[in-house]
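Undergrad: Sequence:
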Amino acid sequence: MKLSVIILNYNVRYFLELCLQSVEAAIAPIDAEIIVVDNDSKDDSCVMIKEKFPNVILIENKENSGFSKGNNLGFQKANGEYVGILNPDTVVGEDTFTELLKFAENTANLGILGCRLIDGTGRFLPESKRHVPTPQVAIAKMLGHDTLYYVNTLTEDAIGEAPVFVGAFMLMKHDVYKRVGGFDEDYFMYGEDIDLSYKVLQAGYSNYYYGKTTVIHYKGESTLKDKEYAKRFYGAMQIFYKKHFKSNLIFNGLVWLGIQMASRLKTEKPDAKLIKKSSCIRGSGAATDYQKRFSFPVNAISNSTEAASQSEIIFDANFVSFKDIIKEISESEKNKKFTFKILPKNSNFILGSDSSKSRGEVIPF
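Going by the working numbering, the first residue of the sequence shown is number 2, and it counts up by one from there.
Derived by calculation from the structure, the hints in this document are not laboratory data.
Where a beta carbon is used, it is the ideal one built from N, C-alpha and C, also for glycine.
You may find that some hints are simply not true.
Pairwise CB distance ranges, derived in the manner of DEER restraints [to be verified]: (1) 107 - 64: 38 to 44 Å; (2) 30 - 307: 30 to 36 Å; (3) 204 - 289: 58 to 64 Å.
The calculated PhoX-like cross-link candidates involving lysine-lysine, where the alpha carbons are at most 25 Å apart (straight line), are [unchecked claim]: (4) 142 - 243; (5) 174 - 213; (6) 142 - 3; (7) 43 - 53; (8) 78 - 63; (9) 213 - 3; (10) 243 - 78.
Please take these sequences and the hints and turn them into a complete structure.
TA: Encoded structure:
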């Protein structure tokens, strides 16, 4: 088997359904499997998988054991030569894995392979390619200087070496994952992707960024950016530095200060509702066909250029490929005229996100 795609899920049933639809389309030409590890979700994620994706290997964890342990559980079942780590709030194109595997097969000493990530508005996510956060780099980041934190020497669509990737999307050989021991289970959530990237580098491999392939990451679906997020993030950084670097009093002081400041953060409010905007459906058929299903008026368009400025564009995945959806969202970010939602195949809901700083929106109909 060539590829095992491991997806760790926790209470994001609707985003998971869209993700699985895109992954199934992407692995169609590959000898591959999909493994979903569910961390004791309280929604109907597991029921949905059993009903709609019977070929998916489902591991129902009876507790929320965190990101590292959950993915390691999935790896134990993986049979692929390559392992893909994927968040449930992502959307991949039909050619994502074939293109990345082609690059991987022709790259010597490959460690982890990452790709270009965008949020639900089409904005590039700079954490797609990061430097190892040494104490000096981390201190600069905390003081608001991102230049040393992100790999700015590579453009968004470039191909080249980059040290650290985000756990939302990683591709590597099964043997590499096994050799470095997978994700360190001392981390519950956050920091484990930095740790794994660093361990792979320390083992003598080279990590690569492949900017010719784009994946949507609806950032923040499993966890809101609130005080608990901040505390866990700073706590994860403490674990990382204790493991890999000498004690740094200045950095330890900044981490302590960060945790204190995090306790004063408030959960961000969700984005504006879709029905407040002019909605355009990008699919097939007349607008009246969709209006029978939606509780709000929509206009039918054949491409994004036909939509009026400040519109909400709804992509019907029954007719528009995931590759084209990602391409149009990515390209439209340049003029910031639109917001976006996706209607998954054979579903009764639409979803998307207008910001990477708060949870996305699921609208049933």
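Undergrad: Work down the list of hints and note, for each, if the structure agrees.
TA: Consistency of the hints with the structure:
Between residue 107 and residue 64 the beta carbons are some 41 Å apart, a value that agrees with the proposed interval 38 to 44 Å. A beta carbon spacing of about 32 Å between residue 30 and residue 307 agrees with the range 30 to 36 Å that was offered as a hint. About 59 Å separates the C-beta atoms of residue 204 and residue 289, a value consistent with the hinted range of 58 to 64 Å. Our distance criterion of 25 Å between C-alpha atoms is met by residue 142 and residue 243, whose separation comes to about 19 Å.
This hinted pair checks out: residue 174 and residue 213 have alpha carbons roughly 20 Å apart, not beyond 25 Å. Distance check on the hinted pair: residue 142 and residue 3 sit about 38 Å apart at the alpha-carbon level, beyond 25 Å; violated. Straight-line distance between C-alpha atoms of residue 43 and residue 53 comes to about 18 Å, which keeps the hinted pair within the 25 Å bound. Among the hinted pairs, residue 78 with residue 63 is consistent with the structure: their alpha-carbon atoms are about 17 Å apart, no more than 25 Å.
Taking the CA atoms of residue 213 and residue 3, the gap is about 21 Å. The hint holds against a cut of 25 Å. Taking the CA atoms of residue 243 and residue 78, the gap is near 31 Å; set against the 25 Å cutoff, the hint is violated.
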